[in-house]
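Engineer: Those sequence lines, one after another, are chains A and B.
Position one of the first sequence corresponds to residue 0 (numbering that gives the first Met the number 0), numbered consecutively onward.
Position one of the second sequence corresponds to residue 0 (numbering that gives the first Met the number 0), numbered consecutively onward.
One thing to keep in mind: the hints can contain errors.
In silico contact screen, one side only, chain B against chain A (beta carbon under 10 Å); selected entries [unchecked claim]:
id: 1; residue: 0
id: 2; residue: 41
id: 3; residue: 51
id: 4; residue: 53
id: 5; residue: 55
id: 6; residue: 56
id: 7; residue: 59
id: 8; residue: 60
id: 9; residue: 69
id: 10; residue: 72
id: 11; residue: 76
id: 12; residue: 86
id: 13; residue: 90
id: 14; residue: 99
id: 15; residue: 118
Distance ranges between label pairs, derived from CB positions [said to hold, decoys possible]:
id: 16; chain 1: A; residue 1: 122; chain 2: B; residue 2: 5; range: 45 to 53 Å
id: 17; chain 1: B; residue 1: 16; chain 2: A; residue 2: 11; range: 33 to 41 Å
id: 18; chain 1: B; residue 1: 102; chain 2: A; residue 2: 31; range: 25 to 33 Å
id: 19; chain 1: B; residue 1: 5; chain 2: A; residue 2: 84; range: 15 to 23 Å
id: 20; chain 1: B; residue 1: 119; chain 2: A; residue 2: 33; range: 42 to 50 Å
id: 21; chain 1: A; residue 1: 9; chain 2: B; residue 2: 31; range: 48 to 56 Å
id: 22; chain 1: A; residue 1: 90; chain 2: B; residue 2: 59; range: 52 to 60 Å
id: 23; chain 1: A; residue 1: 25; chain 2: B; residue 2: 23; range: 35 to 43 Å
Treat the hints as calculated values from the structure; they're not laboratory data.
The model shown is predicted, which means the values in this text are computed figures rather than measured ones.
Where is the CB? At the ideal position from N, CA and C, for every residue including glycine.
Listed below, chain by chain, are the residues.
Protein chains: 2
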Amino acid sequence: MEWSIRDLAREYDVTLRTIRHYEALGLLTPERRGQTRVFHNRDRIRLELVLRGRRLGFPLDEIARIVNMYDDRPGEEGQLRYLLDQIGVRRAELARMREDISRTEADLDAVEARCREELDRLR
Amino acid sequence: MEWSIRDLAREYDVTLRTIRHYEALGLLTPERRGQTRVFHNRDRIRLELVLRGRRLGFPLDEIARIVNMYDDRPGEEGQLRYLLDQIGVRRAELARMREDISRTEADLDAVEARCREELDRLR
DNA sequence: ACCTACGCTTACGTGCACGTCAACGGTAGT
DNA sequence: ACTACCGTTGACGTGCACGTAAGCGTAGGT
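Work the whole structure out from these sequences, hints included.
Structural biologist: Written as structure tokens, this is what we have:
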């Protein structure tokens with residue numbers, strides 16, 4: 000259950016540079032066998048999270064914080080409260096995106112309708 | 000029914016620079032009274048579309064194409080077909096985002112649950 | 001022995017979306 | 001006349017997310 004940097008790059012359709020960049024930002028923490036990076040399942044899961052965050056337009060440093068939520072065992076009450084707060088913030092952002100998506104889809108519906116109309120008229 | 004650049008900036012919480020930038024990219028086409036920009040309802044609608052696209056993480060040049068779909072009277076059949084095709088592409092992207100959002104929400108649920116558990120244990 | 005494919009680091013370059021001056025002009029109030 | 005606030009056009013700067021070499025080492029196939 001080990002993967003080279005190239006394996007991951009191929010599977011998730013990203014460049015080697017991107018993966019190295021993510022490691023530099025602490026998003027991935029591959030094992031080092033000599034100089035060579037060796038990736039485990041943990042890294043694949045993390046990479047998937049990162050790519051999802053990226054598709055949703057989150058900056059990488061925010062993604063880093065989110066991703067680290069999964070790992071961190073905060074322990075302290077203040078941190079836990081902060082974490083719950085952050086979760087709320089993310090939820091709000093996601094909810095807003097959902098609305099934006101719905102509105103945009105509605106707009107696309109309208110454009111498509113006019114488009115088909117016009118296309119019919121051409122016959 | 001006219002607005003200054005500052006009016007728009009205030010209402011939509013963007014900078015003047017941003018609005019000028021959007022004009023430079025053809026996203027907004029304010030009237031020019033002398034040198035001064037005068038915005039009409041059309042520009043407000045466009046700005047809302049742009050900001051929505053921005054929140055969804057679309058690059059501005061893509062947004063430009065989408066926004067111009069609403070205005071263009073393509074007429075020609077080839078263009079109409081292309082337009083319908085593009086609409087399909089956007090829809091696919093939006094659908095994917097929806098899935099990403101759902102998955103992310105589910106993840107947040109899990110983190111939140113663990114978080115509350117931990118918080119309870121502290122008492 | 002040599003090529004091919006893989007891996008590494010260091011470091012400068014790039015595209016996008018603006019930010020941030022600088023330098024200027026018009027208008028309205030005191 | 002002076003100040004304050006609105007507007008304008010360059011044009012260089014910035015932060016992010018990588019792209020793109022340069023230069024190097026290693027391991028396997030012919």
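Engineer: Against this structure, judge whether each hint is valid.
Structural biologist: Each hint, compared with the structure:
Restraint check, residue 0(B) versus chain A: the minimum CB separation of about 22 Å is more than 10 Å; hint violated. With a least beta-carbon distance of about 15 Å to chain A, the hint placing residue 41(B) at the interface is violated under the 10 Å criterion. With a least beta-carbon distance of about 5 Å to chain A, the hint placing residue 51(B) at the interface is held under the 10 Å criterion. Hint status for residue 53(B) relative to chain A: holds, with the closest Cβ pair at about 9 Å, below 10 Å.
Proximity of residue 55(B) to chain A holds as hinted, the smallest CB-CB distance being about 5 Å (cut-off 10 Å). Interface hint at residue 56(B): satisfied, since its Cβ lies 3 Å from the closest Cβ of chain A, which is below the 10 Å cut-off. Given hint, residue 59(B) at the interface with chain A, is violated; its Cβ is 13 Å from that chain's nearest Cβ, farther than 10 Å. For residue 60(B), the suggested interface contact is broken, since its CB lies about 16 Å from the closest CB of chain A, more than 10 Å.
Hint status for residue 69(B) relative to chain A: holds, with the closest Cβ pair at about 6 Å, below 10 Å. Look at residue 72(B): its Cβ gets to within about 8 Å of chain A, closer than 10 Å, so that hint holds up. Annotation: residue 76(B) was flagged as interfacial toward chain A, and the flag holds, the nearest CB pair being 6 Å apart, inside 10 Å. With a cut of 10 Å, the hint placing residue 86(B) at the interface with chain A holds, because the nearest CB-to-CB distance is about 5 Å.
A least Cβ separation of about 6 Å between residue 90(B) and chain A falls short of the 10 Å threshold, and the interface hint therefore holds. Proximity of residue 99(B) to chain A holds as hinted, the smallest CB-CB distance being about 5 Å (cut-off 10 Å). The closest approach between the C-beta of residue 118(B) and any C-beta of chain A is roughly 5 Å, which is under the 10 Å cut-off, so the hint is satisfied. Restraint check, residue 122(A) to residue 5(B): a C-beta distance of roughly 49 Å satisfies the suggested window 45 to 53 Å.
Checked against the given bound of 33 to 41 Å, the beta carbons of residue 16(B) and residue 11(A), roughly 36 Å apart, stay inside it. For residue 102(B) and residue 31(A), the hinted distance range of 25 to 33 Å is satisfied, since their beta carbons lie about 30 Å from each other. In this structure the hint that residue 5(B) and residue 84(A) lie 15 to 23 Å apart at CB is violated, the actual value being about 34 Å. Here the CB-CB span from residue 119(B) to residue 33(A) is close to 45 Å, well matched to the stated 42 to 50 Å.
At roughly 52 Å, the beta-carbon separation of residue 9(A) and residue 31(B) lies within the given 48 to 56 Å, and the hint holds. Distance hint check: the CB atoms of residue 90(A) and residue 59(B) are about 27 Å apart, inconsistent with the given range 52 to 60 Å. At about 37 Å, the CB distance of residue 25(A) to residue 23(B) agrees with the hint of 35 to 43 Å.
Checked against the numbered hints above, the structure breaks hints 1, 2, 7, 8, 19 and 22 and satisfies the rest.
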